[in-house]
Amino acid sequence: MAGTLKNVTDDSFAQDVLKSDKPVLVDFWAAWCSPCRQITPSVEAIAADYGDKIEVVKLNIDENPVTAARYGVMSIPTLNVYRNGQVAKTIVGAKPMAALVRDLADFLL
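The numbers in the working numbering rise by one with no breaks, and the one at position 103 of the sequence shown is 103.
Note that these hints are calculated values from the structure, not bench results.
As the structure is a computational prediction, the values presented were derived from the model and not from experiment.
Check before you lean on any hint, since a few could be wrong.
Only pairs whose alpha carbons sit at most 30 Å apart, straight line, appear in this in silico DSS-like list of lysine-lysine [claimed, not checked]:
1) K89 with K6
2) K53 with K95
3) K58 with K6
4) K22 with K6
5) K22 with K58
6) K6 with K19
7) K95 with K58
For each label pair, taking beta carbons as the anchor points, the in silico distance ranges come out as [what the hints assert, rightly or not]:
8) A105 with A69: 27 to 35 Å
9) L109 with V87: 16 to 24 Å
10) V66 with A31: 12 to 20 Å
11) R37 with M74: 15 to 23 Å
12) A30 with V87: 18 to 26 Å
13) S75 with N7: 16 to 24 Å
14) S20 with A69: 16 to 24 Å
15) Q38 with N84: 28 to 36 Å
Here a beta-carbon is modelled for each residue, glycine too, at the ideal position from N, C-alpha and C.
Make a model of the complete structure from these sequences and hints.
Next up, the structure:
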């Protein structure tokens, strides 16, 4: 499953995330971020288990600083859920899989 999440960029963000028909979970991360690497398996599992309900993508903040700045991402990992082009939920910091699923329950049912 590793590496199967779609990467979005500053250029593709509006099309891939804001115009999506279903909620989109965006994982704001960076290669040097240890907690980001810790939650990657959980984020990938959410994509695998709930992909019919929510789209899951990754955005590298070092390579795409415009989008990260636009949404005020100050610490990573930050997981934002976008619905109808708006931020509907923000989760900051590494959490266990069960806590992430609980936090995202409104979008996974």
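* Can the suggested window of 28 to 36 Å be confirmed for the beta-carbon pair Q38 and N84? -> This hint holds: roughly 30 Å between Cβ atoms.
* Asked: Does K6 lie within 30 Å of K58 when you go C-alpha to C-alpha?
  -> holds, 6 Å
* Asked: Do the alpha carbons of K6 and K19 lie within 30 Å of each other, as the hint requires?
  -> holds, 16 Å
* Asked: That 27 to 35 Å hint for A105 and A69 (C-beta), does it hold up?
  -> holds, 29 Å
* To do: State, for the Cβ atoms of S20 and A69, whether the hinted interval 16 to 24 Å holds or is violated.
  => holds, 21 Å
* Please work out if K89 and K6 have their alpha carbons no farther apart than 30 Å. => holds, 20 Å
* Asked: Has the hinted range 15 to 23 Å been met by the Cβ atoms of R37 and M74?
  -> For R37 and M74 the Cβ distance comes to about 19 Å; the hint holds.
* Take a quick look at whether K22 and K6 sit within 30 Å of each other, Cα to Cα. => holds, 15 Å
* **Pairwise beta carbon distance, A30 to V87, judged against the given window 18 to 26 Å** => Distance hint for A30, V87 holds at roughly 20 Å.
* To do: Take a look at whether the Cβ-Cβ distance between S75 and N7 falls inside 16 to 24 Å.
  => holds, 20 Å
* To do: Using the beta carbons of L109 and V87, state whether their distance is inside 16 to 24 Å or not.
  => holds, 19 Å
* Given the hinted pair K53 and K95, is their alpha-carbon gap at most 30 Å? -> Measuring from Cα to Cα gives roughly 21 Å; hence the hint holds.
The structure meets every hint from the earlier list without exception.
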